[in-house]
Amino acid sequence: MDKVLDIKNSSVLENSPLGVGGVSAALLTYTDKGLYCQQGGFYIDPWGAVDKAIITHAHSDHARWGSNHYLCHHLTKPLLQLRLGNNNYQSTTWGEPVYINGVKISLHPAGHIIGSSQIRIEYNGEIWVVSGDYKTENDGLSGAFEAVKCHTFITESTFGLPIYKWQPQAIIYQQIQQWILENQANNTSSVLIAYSLGKAQRVIEAAATITNNIYVHGAIWNTHETLLNTGIHLPTVKKVTPETTKAELKNAVIIAPPSADGTPWMKKFQPYKVGVCSGWMQVRGNARRRNVDAGFSLSDHADWPGLLQAIKATQAERVLVTHGFQAVLSRYLTETGIEAYEINTPLMPPTPKGEEE
Amino acid sequence: MINETSNNSQLQNFPLGVGGFLDGGFSLFSSLVNILGTSTKNTEKLNALQHYFSTASDKDKVWVIAIFSGRRPKRIINSTILQQWCVELIDLPLWLFEESYHTVGDLAETIALLLPPKPPTPKGESQSGLTLSHYLEEFIRLEKAEEPIKKDFIITTWMQLSQEERFVFNKLITGGFRIGVSQKMMVNALAKTTKIEASTIAHLISGNWQPANINFADLLNPNMVSKDDSKPYPFYLAYALEDDPQNFGNITEWQAEWKWDGIRGQIIKRNGELYVWSRGEELMTDKFPEYLILKTLLPDGTVMDGEILPMQDLQPLPFSLLQTRIGRKTITKKQLQEAPIGFFAYDLLEYNTTDIRTKPLQERRLLLENIINSTLAGNQLLANTIQLSPTIQATSWDELITLRQGSRDMGSEGLMLKRKSSPYQVGRKVGDWWKWKMEPMVIDAVLIYAQKGHGRRSNLYTDYTFAVKDGDRLVTFTKAYSGLTDKEFNEIDAFVKANSLEKFGPVRTVKPELVFEIAFEGIAASARHKSGVALRFPRMNRWRKDKKVDEINTLEDLKNMLRIYGNKKDGK
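For the record, the sequence lines run as chains A and B. If you read the first sequence in numbering that gives the first Met the number 0, its first letter stands for residue 0, the second for the next number, and so on. If you read the second sequence in numbering that gives the first Met the number 0, its first letter stands for residue 0, the second for the next number, and so on.
Just to be clear, a hint being listed does not mean it is correct.
To be verified - If you only want the chain B side, here are some residues facing chain A, beta carbon under 7 Å, derived: (1) T39; (2) L91; (3) L93; (4) E98; (5) S99; (6) T102; (7) G104; (8) E108; (9) L113; (10) G454; (11) R455; (12) S457.
Said to hold, decoys possible - The calculated label-pair distances, taken between Cβ atoms and stated as ranges, are: (13) A:G84 / B:L88: 33 to 43 Å; (14) B:D285 / A:Q177: 49 to 59 Å; (15) B:K544 / A:N67: 33 to 43 Å.
In short, the hints are calculated from the structure, not lab data. All figures in this text were calculated on a predicted structure; none of them were measured in a lab. All residues carry an ideal CB built from backbone N, CA and C; glycine is no exception.
Excised from the complex, chain A in its bound form (with noise of 0.2 Å):
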């Protein structure tokens, strides 16, 4: 295990609050398996199997297979019997208290993805909370982010750098919309690539506004019936299938995941156009790197403005960064006068790929 001892040995870490023993006893610890709570006996989001394991939410790099026993939000535990099959789920609903060995845990809307949660524990009076992924603005599926006062803050920080500046919503919306309605008045199928869990869910009620005519993936299928299953509302979607004919897909949208972008899959598409839906799209390198026809910045994570707002919000005393541009950010809030930290964890390295959100 190399690269936990990375972690360990780490410089940065060792001027951190993680993984100091003593005074005032951190909560959370970094070990070789991820964030532990030593008072608890947990992990948050483990990076392998253990006994208790909190889930923030269902995204693969998030949530493991192998724990003994799963504690998570209500919405996330069907996302995560979906992807990891049985196990022994616990789930809660937001703002509602569950104590494991005296530590008092709750789960609050994290605004990332349906079911998506920050994680605040409490032992002793000291309150920590980790972020999770997060973002600010209500998409109107994930709950709108709560900010939770703290007295330590563990924060994300993907798009943790100043160009990275969301449109509303509605004007990205606006956007794809109008895409659409251009290639179909050019008899052209619109592809748009979103990750299947959280942005392909907003995409698709982006593109029902303008057409009934909307085909998925099957790894998007599969997680549009779990969520219709789990009692959510979404619009009527169409899987692609072997049989699936041609003249059915003329002038479609259809939602795909990263991973089927540029596979075979989509010759039966032809003519379409390709349309990423990413934060990373921001950048128009990224875009042409990708080589997509258009790039829309949709993300499921905080801007800067956003993440500023949001550690502001929480009272934080002191802010551990993580997941991202973590020096960036920490140096920035350092700077204004908030006591920050980078934590810098090899195991989960941002990869601008538009996967990970």
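Start from chain A and add chain B according to the hints.
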């Protein structure tokens, strides 16, 4: 597949989802740039250009031709100051601007992304409605203005433009206007719109003209060519030959020459004046006083095509010496001695005031030989400066292949093959002219520094510095940016992020582990580089995943290459 309707709607589509569509003026230009910069299909780009040329005002069209053929107004401000003004406006620390810049990889775009949003236009008032020519003519007008005046102009403009337009405006200021369009594509679009032959247009828009002082009709009037004595002909460019030329038929139909590593140039003598043009269509007459004597010796109405290169006693010198001359405004006597420049003539385009480009090469060559011989007869000393580029005599392809192996000894990079019956065409055309370069030299080296790239490599570590072994030490000797696939770059990017040892500004020191075969075209001694050598056109030939860092080449290996292949003289 693309018809008129699709063409129109593509123009209204903002692939990157920024800004809105406005009629005419600067917004029309910025939507053109947007399509050219993001479209992946040449037909779409061509359509967008045609659409522009049939919609825009004549004045703006002249400027677009100027910009896309490298005739931009001088920079009115350097990028450091531009960056400062942006930082002042956005109230962020400079280091954060720099971090953003390293991630975006483009200054113009970084500023466009960071500026505060454009204030809403008051109801009833129209948009600024300013044109491309307005902004560019302001650049010319403000060239010598005081800094505060420039600052006021730029900041006022920023606040009038949308994010997309700001990006294009910044691109116009910062230069390096490299978007996805070649001059050839622009010429083709103009040809389609105006119904004038593409080769005629290429000729018309070449040479010395000022976009601010010429109107569209005059610029593209075929009768205007003869009025400008300085006007060069468009260069005919060769394609690279990948295989053996065995299937080219009879070798007697071909002329072989050495391929020189200098700057392609055209020497023009008309009405008692001499003009020297580079292939980049830069007028360089004053940079090469060596050629001045030709003003008296060459007959009027003569245009020669050839290679500008450093040479002494007819022996080519390293390209780096030429670089020391190009950048200078004034040339000192010392430079003339240390970096003497000559000219190898290989074609004749105008003879006796007549355009002879349609005559076959072998006829043009005979006329060229006459001109050079009679010119040299007038002044024997000139023989050190101007010469016929020799043709290579071979009776079979096999013989030529053998002769080609001696290219480096000749100080050349390989051979040129030209069909003797070929006319002098316009631009890069397949079939009659080929460059047949030597296999590159290669060396195995380890990656030790990485930096994020630009353009489509933004936010990816794609710019690398390589080292060879010197005993226990690693000595850097070159940078390289190209030659790998996107997939390989992604893999290396991930490695760099996980294996950084130190950070110096944008540069990361990387654990020395990844080995690459570096290919290059030439090697010369250099006092400026730690390793003592400078490479020509270095690039990554392949990733040697099979090799470990202790198997890379040594500094001694590099020095041996320098001894064998380095030019005999290095100007020291």
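Of all the hints given earlier, name the ones this structure violates by number, lowest first.
-> 3 and 13
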